[in-house]
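**Student:** So you can see what is in the structure, the chains are spelled out below.
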Amino acid sequence: MNEKRTYFVVSLIVAAFLIVIIRLINFQILNQEKYLTYVKKQYYSKEKVIRPRGIVFDSKGKILAISVPTIKIFAIPRYVKNKEEVAENLSIILKKSKFEILRKLNSKKRYVVLADNVDKSLKPRIKKLISDLKEWNIGIVESSKRIYPYKDLIGNTLGFVNRYNGIGAEGLEYKLNKYLGGGFDEISFLKDARGNPFTIEKNRDNNRDIKNIYLTIDSNIQYMAEEALKELIRERRPKEALVLIVDPKTGDILANATYPNYDPNRYWKYRKFKNITFQNAYEIGSLAKPFVLAEAIDENKVNFHKRIYCENGKIIIDGVRIKDHKRFKYLTPREIIVHSSNIGTIKIALQLDPKKIYQRFKKLGFGKPTGVFPGEASGILREDIRPVNVAYASIGQSWTATAIQVAMAYSAIANGGYLLKPRLIKGYLEGNGEIKELDEVEIKSKVFSDKSLRWLRKTLKLVVEEGTAHSGKSKYFTIAGKTGTAQKYDPKLKALSNEKFYTWFAGFFPVNDPKYTIVVFANEPKKIRKWERIGGGKVSSVVMLNLIDRLMFYTKQKPDKLYFTQNK
Amino acid sequence: MKRFNYQQKRDFATISELPKDFKVFKKYVKYFIGFLVIATALVYYSYLNFQIEHEITTLTKQKSMLIAENYELKKDITVLSSPERIGKIAKNKYKMKVAPYSEIKFIENNE
Chain L
1 MNEKRTYFVV
11 SLIVAAFLIV
21 IIRLINFQIL
31 NQEKYLTYVK
41 KQYYSKEKVI
51 RPRGIVFDSK
61 GKILAISVPT
71 IKIFAIPRYV
81 KNKEEVAENL
91 SIILKKSKFE
101 ILRKLNSKKR
111 YVVLADNVDK
121 SLKPRIKKLI
131 SDLKEWNIGI
141 VESSKRIYPY
151 KDLIGNTLGF
161 VNRYNGIGAE
171 GLEYKLNKYL
181 GGGFDEISFL
191 KDARGNPFTI
201 EKNRDNNRDI
211 KNIYLTIDSN
221 IQYMAEEALK
231 ELIRERRPKE
241 ALVLIVDPKT
251 GDILANATYP
261 NYDPNRYWKY
271 RKFKNITFQN
281 AYEIGSLAKP
291 FVLAEAIDEN
301 KVNFHKRIYC
311 ENGKIIIDGV
321 RIKDHKRFKY
331 LTPREIIVHS
341 SNIGTIKIAL
351 QLDPKKIYQR
361 FKKLGFGKPT
371 GVFPGEASGI
381 LREDIRPVNV
391 AYASIGQSWT
401 ATAIQVAMAY
411 SAIANGGYLL
421 KPRLIKGYLE
431 GNGEIKELDE
441 VEIKSKVFSD
451 KSLRWLRKTL
461 KLVVEEGTAH
471 SGKSKYFTIA
481 GKTGTAQKYD
491 PKLKALSNEK
501 FYTWFAGFFP
511 VNDPKYTIVV
521 FANEPKKIRK
531 WERIGGGKVS
541 SVVMLNLIDR
551 LMFYTKQKPD
561 KLYFTQNK
Chain D
1 MKRFNYQQKR
11 DFATISELPK
21 DFKVFKKYVK
31 YFIGFLVIAT
41 ALVYYSYLNF
51 QIEHEITTLT
61 KQKSMLIAEN
71 YELKKDITVL
81 SSPERIGKIA
91 KNKYKMKVAP
101 YSEIKFIENN
111 E
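So the protein sequences, as listed, match chains L and D.
Numbering-wise (the working numbering), the first sequence opens with residue 1 and increments by one.
Numbering-wise (the working numbering), the second sequence opens with residue 1 and increments by one.
Next comes chain L alone, as it looks inside the complex:
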């Protein structure tokens, strides 16, 4: 009987242990994650701190954007014993008002941020203060601050990082979120039974792979472009303006100076963040004429020696009167481009298959975004084969393009007829110090025949030497380009304005071995003199005179103009 009782008691004890073990297996192994989450929810509250992002370098290795480690000082006011003393000592270290710190310490919030983005070198002093005063409810958490050392230089191309969530919100910072990292880290506060946090615990995840990015931008060229642009703005007071410099052989964007611009360090003080080079499309005016002539050459519809009657400056098509900026009579196709005759170009365009003109524009990359920048505009290019619309399209009215599309189309003239994909990002820095390319040089297609290229190069050189862009020509370097002036639509007049224009210059230099493609644009530039006629040549000349020689000097280029080299 006794033995039976003993077995019974023992089996009861074993069963009890088994139950406990099974429960433990359930808690610790089978549903571990679930119960850990409960515990964390019950015992911890969370606060977010900004994680550092990768560095953005220019093509020469100069820093354009960097995340500098900082510290954030927290307090749990309810448990801070001697608030007065804490405020006084912290105010000395942080060089902040004592009353401001005291006000925060006296608040009824569960926890407060006493100071954000504090220089990390102050950390040991603050730690010592915490330990001297035995105020364990003041905590330090590491954070980071995005800094753009060149301020507004290339500001709106770089974009900015949202200061609250540490994620790229505009421009390249937005586009490169995947590589640069950033965002939040979470820190945990241990809660008491009433839910009040009483200890700060750090909980960092440093394993995220962040990359340092190299751009194609050269900050020195960018600075030169911005200086030249400032001259244009001072002289002409346009609503918007830009200077874009591209390497025609690789499609690398070397500089993109735009107005309006902003300082990404203080982005919240600005309202407009658009980068007009990529995100706005405008009518390109006479910049379209060389493309029409190229199509005419390829279709064998143009005789270089035959003079075309330019109707003395006026033509009526489908009942619509189109005017020239001068009363031209007879001009050769070359003279039509050099002097930018609308009517001459329209007459050539009307001999061509209208669909092929639009196809040519599309082949040149117009009507679709290049994909180099976030939120890029595509421009509007609608095929309309009515003669009046073909006429307007041939002179760059009634359709729009972005400055980057224009730059790539003119780069194609410079590089032997190849349309390239523009590049802003060179690559990212690998562990071994080498740059791994993100976007390789990409040739989309050959868009000009060799015959049309030979003709275009000669003609565009003449445009700068003796045509509409002559006021911007260099003494030392040959430049090929085309000016463009597009009338803006005036909603008050319900017609094209004779006072408001988009002015353009697009070209490349030196002509025989082009190193740079340049696009200069201004929206509604003002007249310097009352009698002056606004035009792409005159408006852009200030940029060309200030920029081209300086740029060539920077890259140690020898002048290529014949008379200069002979004199030397």
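Check each hint, because a few of them may be wrong.
Said to hold, decoys possible - Label-pair restraints from in silico Cβ distances:
(1) L:LEU36 to D:LEU66: 34 to 44 Å
(2) L:TYR270 to D:ASN49: 50 to 60 Å
(3) D:PRO100 to L:ILE93: 34 to 44 Å
I should point out that these hints are in silico values taken from the structure, not numbers from a laboratory.
Each residue gets a CB set at the ideal place from its N, CA and C atoms; glycine is no exception.
Once you have looked at the hints, place chain D on chain L.
**Tutor:** For chain D alone, kept in the frame of chain L given last:
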């Protein structure tokens, strides 16, 4: 004959068993010593570990501070070498200007 009570009998029994116990103890003493040596080694190892860990923590903190300082310095270098600042110093302090190409001599490199 002297009679012994129960307690005294137990004491005698214990005393008579002592040499037996001691023999057993003697037999295992080397194991005890071995255990003690291992335990001391473990404690010392743990102490060393703690020391190294402490050193690593201190060095990690130092590294983190140096990284922060390095970033700060990198930023400062960039600010100081900015084209805008250098351009201003060149123009205003040293009265420099962009050299016209007419005054530049080009040396041909025939190598």
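**Student:** Indicate whether the distance between the beta carbons of LEU36 of chain L and LEU66 of chain D respects the range 34 to 44 Å.
**Tutor:** Roughly 36 Å apart at Cβ, these two residues keep to the hinted range, so it holds.
**Student:** That 34 to 44 Å hint for PRO100 of chain D and ILE93 of chain L (C-beta), does it hold up?
**Tutor:** Violated, at about 54 Å.
**Student:** TYR270 of chain L and ASN49 of chain D, beta-carbon distance inside 50 to 60 Å?
**Tutor:** holds, 55 Å
Going through the hint list in order, the structure does not satisfy hint 3, though it satisfies all others.
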